[in-house]
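**Student:** Sequence:
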Amino acid sequence: APRPRYVPNLGRMLRDRRIMARVGTNQLVYFVEGDPDRYRAPDLYVIEGLTQEGPERASWKTWQGDVPSFVLEVVSSNWKKDYEDIPADYEAMGVKELVVFDPWATSRSRRRVRWQVFRRTRRGFGKPLTSSDDRIESRVLGCFLRVVTPGRRRAIAGRDRSARSSNGCAREGDRGSRR
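In terms of the numbering used here, the sequence shown has 83 at position 84, counting the first letter as 1, and numbering is strictly consecutive.
Because the hints were derived from the structure by calculation, they are not lab data.
Among the hints, a few may not be true.
Per label pair, the in silico range of CB-to-CB distance [to be verified]:
| hint | residue 1 | residue 2 | range |
| --- | --- | --- | --- |
| 1 | Asp132 | Ser76 | 19 to 29 Å |
| 2 | Ser108 | Pro35 | 30 to 40 Å |
| 3 | Asn77 | Pro35 | 15 to 25 Å |
| 4 | Gly33 | Ser108 | 35 to 45 Å |
Quick list of in silico lysine-lysine cross-link-like pairs, DSSO-like style, CA-CA up to 30 Å [unchecked claim]:
| hint | residue 1 | residue 2 |
| --- | --- | --- |
| 5 | Lys95 | Lys80 |
| 6 | Lys60 | Lys126 |
| 7 | Lys60 | Lys80 |
Cβ atoms here follow ideal geometry from the backbone N, Cα and C, with glycine treated the same way.
Starting from the given sequences, assemble the full structure and let the hints guide the process.
**Tutor:** Okay, here's the thing in structure tokens:
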């Protein structure tokens, strides 16, 4: 399957910041040695310390040191699973930052929110930062993630608050930073 366009763009942005990392999508990441039922296939992941040009792998195993530092999950039609089960699995995996993006959440949603950001603390994931804005900041990536087409599965990354481009070339934003 062809790789989404944002994979090389994010890889290039990280490389420009002198961060060696592998960016990928939808590959199995096993996180309990000896238990083949404990895995996730992140919609987007970043594993620091590996080159993008390295050999292709069919899967990743966290006990071999391949722990994503960043994961983006797009909420599926089974949104309750994505809201409740996925954060616990990525916390157990050791992910530094998990962003859950719900493209179907609206300002009128009572139980759903566009963005949830889980950040690792000494005690694991804390309470998520939630937002219904069109963008949020990823501290691990050092950029903002922004909705490009509301109601569809599209988001881009850029270093400035406006996230005007997907190549990460813009500087800190003209609209300031809200949290």
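**Student:** Next step is simple, just say for each hint if it's right about the structure.
**Tutor:** Tested hints:
no. : hint                       : result
1   : Asp132 - Ser76: 19 to 29 Å : holds (24 Å)
2   : Ser108 - Pro35: 30 to 40 Å : holds (36 Å)
3   : Asn77 - Pro35: 15 to 25 Å  : holds (21 Å)
4   : Gly33 - Ser108: 35 to 45 Å : holds (40 Å)
5   : Lys95 - Lys80              : holds (20 Å)
6   : Lys60 - Lys126             : holds (27 Å)
7   : Lys60 - Lys80              : holds (23 Å)
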